Amino acid sequence: MKVKLSFAVALSHRPQFLILDEATSGLDPVMRDEILDVLLEFVQDESHSVLFSFHITNDLEKIADYVALLHKGNLVFSMPKDELLYKYGLIKCGAKVFNNIQRQDIIAWRKLDCEWQVLAADIEAARRKYKNKKCIIENATIEETMLLYIRGEKR
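When we follow this note's numbering, the leftmost residue of the sequence shown carries the number 1, and every step to the right adds one.
Since the hints were derived computationally from the structure, they do not count as laboratory data.
As the structure is a prediction and not an experimental result, all values here were calculated from the model.
Mixed in with the good hints, there may be bad ones.
Only pairs whose alpha carbons sit at most 25 Å apart, straight line, appear in this in silico PhoX-like list of lysine-lysine [said to hold, decoys possible]:
hint, residue 1, residue 2
1, Lys-81, Lys-154
2, Lys-134, Lys-87
3, Lys-129, Lys-154
4, Lys-92, Lys-129
5, Lys-62, Lys-2
6, Lys-111, Lys-87
7, Lys-62, Lys-81
8, Lys-81, Lys-96
9, Lys-131, Lys-96
Estimated spans, in silico, between C-beta atoms of each pair [stated by the list, open to error]:
hint, residue 1, residue 2, range
10, Glu-61, Gly-94, 40 to 50 Å
11, His-55, Lys-4, 17 to 27 Å
12, Pro-15, Lys-131, 44 to 54 Å
Backbone N, C-alpha and C fix where the C-beta goes; we use that ideal spot for every residue, glycine too.
Please take these sequences and the hints and turn them into a complete structure.
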């Protein structure tokens, strides 16, 4: 209820710009969804903007237009959310396929217990090049993309 009250107060003076730091952390899923709906309604008026700091990437998928990743004070990337969701691909494969993936197709990779995960710069190109290989190629989530950019290895 404190969070709802804080949002009511913040929005009561009709601001054009809000800066929110972890605004939905600690909320149950229903309350978080309600708050995001309020913020989504707020930004529907194009004269309003919100700058979020989030660690719950599912919230970004619901409300963000642009996503920027900051790590250790450096801007890793900044791009439209749709580009982030639909351009990048995640290739899940074994060592044999991984060793045959062309270097220019890889942004980052990491070895898990049973598979290699490769962040591909262009999912459609990866699907064309590696469709007959023994691998799974799917859209990368925002969280997977961020994790591989930060924790993945580069060739």
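Taking the earlier hints as the rules, which of them does this structure contradict?
Violated: hints 8, 10.
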